[in-house]
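Here the protein sequences line up with chains A and B, keeping their order. Position one of the first sequence corresponds to residue 1 (this note's numbering), numbered consecutively onward. Position one of the second sequence corresponds to residue 246 (this note's numbering), numbered consecutively onward.
These aren't lab readings, by the way, just hints derived from the structure by calculation. Glycine is no exception: its CB is placed at the ideal position from the N, C-alpha and C atoms. Possibly wrong hints are sitting among the right ones.
[To be verified] Covered, in the sense of this in silico footprint (three residues per stretch, anywhere, with C-beta under 8 angstroms from a C-beta of chain A), are these stretches of chain B:
1. 302–313
2. 401–411
[Stated by the list, open to error] In silico contact screen, one side only, chain B against chain A (beta carbon under 8 angstroms); selected entries:
3. Gly319
4. Val348
5. Val365
6. Ser369
7. Tyr390
There are 2 protein chains.
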Amino acid sequence: MAHQNEKVVVLLSGGMDSCVTAAIAASQFEVAAMHSDYGQRTATRERQAFEQISDKLGIEQRLVIDQRYMAAIGGSALTDSRISVPDFDPESAGFEAIPATYVPFRNAHFLSAAISWAEVIGASRVFVGAVEQDSSGYPDCRPEYYQAFQTVAEVGTRPETSISIETPLIRLSKAEIIRQGLGLGAPLELSWSCYRQGEIACGRCDSCALRLRAFQLAGTPDPAPYSFESVREADPDSKDVVSFS
Amino acid sequence: MAHQNEKVVVLLSGGMDSCVTAAIAASQFEVAAMHSDYGQRTATRERQAFEQISDKLGIEQRLVIDQRYMAAIGGSALTDSRISVPDFDPESAGFEAIPATYVPFRNAHFLSAAISWAEVIGASRVFVGAVEQDSSGYPDCRPEYYQAFQTVAEVGTRPETSISIETPLIRLSKAEIIRQGLGLGAPLELSWSCYRQGEIACGRCDSCALRLRAFQLAGTPDPAPYSFESVREADPDSKDVVSFS
Chain A
1 MAHQNEKVVV LLSGGMDSCV TAAIAASQFE VAAMHSDYGQ RTATRERQAF
51 EQISDKLGIE QRLVIDQRYM AAIGGSALTD SRISVPDFDP ESAGFEAIPA
101 TYVPFRNAHF LSAAISWAEV IGASRVFVGA VEQDSSGYPD CRPEYYQAFQ
151 TVAEVGTRPE TSISIETPLI RLSKAEIIRQ GLGLGAPLEL SWSCYRQGEI
201 ACGRCDSCAL RLRAFQLAGT PDPAPYSFES VREADPDSKD VVSFS
Chain B
246 MAHQNEKVVV LLSGGMDSCV TAAIAASQFE VAAMHSDYGQ RTATRERQAF
296 EQISDKLGIE QRLVIDQRYM AAIGGSALTD SRISVPDFDP ESAGFEAIPA
346 TYVPFRNAHF LSAAISWAEV IGASRVFVGA VEQDSSGYPD CRPEYYQAFQ
396 TVAEVGTRPE TSISIETPLI RLSKAEIIRQ GLGLGAPLEL SWSCYRQGEI
446 ACGRCDSCAL RLRAFQLAGT PDPAPYSFES VREADPDSKD VVSFS
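Chain A extracted, bound-state conformation (with noise of 0.2 angstroms):
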């Protein structure tokens, strides 16, 4: 393996596509895994698909780092004037917590975070997981975007700094990428796509549905545990929250 002495940083939310790239990343340099809480809805079951591919990956080093301040931003839209960033109970976060909040130009603070972190502890690159087909509508997963945070980066770092951005399946097809992930042997069994929170994927959002799309355009079946049952014996229409346990 080339550049075993080299150390990364991969952003790895513990969904599929960046679990992929922490395969790849994983085959040829030593890793720095880090992970972001964005008052994400299934911020709960992410964090624990990131502890777990990454311990699956070998990958000590790790940084999880708390930007619910993110929340705040996406919510604000709804308000005037003066709004603070709520104390947040990551006992009572669920469904109704947080609002259902996209945040504009969101890519662009988990890769300041990743460059910063990469800076700190001497990493050349930062790999991402983006997705060219992922970004209807959002202009951040484009290669485009990456190549301009690539000259932020360079000018925006010292001198003797040189941190690439890495974006190794941003061309790839769903399909593609779960293939050249089961040939790293990446652990997609242990990642977490589902838009609801709990312990076995719904296999009944939208997330969950692309997912398993993908993985029948793959010609494989999907790894991860699916709760089908408990789904049917909810209300199938209903967009609430579905807790497995």
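Use these hints to put chain B onto chain A, whose structure you have.
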């Protein structure tokens, strides 16, 4: 006044440069002010300056964001593995609680938040009080840096969004900044530059010394109060925090 109906975001740390920048923006636009608590030593006092300056300039829309994960990124240089962001107790915060951590690429975190918020609230510009003269050794106060980030903002936001990054002070000297601020009625007496947490600036730390010298060069007294007496009572050579009450 021009563009009074145009909304802009100002990054307002509470220091002298951001105070003058806010006054410049407020003289032309409707201002929304953003402030970051990133685990800096004088966070509580800077927050107070932010609120007082906003009050004085009539800035109604404010957002305070918690970016204290940046302290963990900076601090992580000292450690090896499995670092989590610790829970932070604002009551016990002080010199001892937060290490003196310069975070590389720091301004990207502020700019990302400001651009996200600008897109959410429909602001057309982001004002930043960066000063090139300050950039000794650190590259993210230079015009090239803001030009590069401008490209990221263009590529990374919606096609219909156009957010311009404005750095009105970037080529000015501190004395010129003071003169411009006084000309606009910027409430410099409320701005906070001191490295020491307290109600009144110490007048003795590096940052106070630079500020006082700039006022000397501008040929005008600093309207902010200083607690020279308190400092003389303490050990002038001490690098430890001096508590002023």
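List of violated hint numbers, smallest to largest: 6
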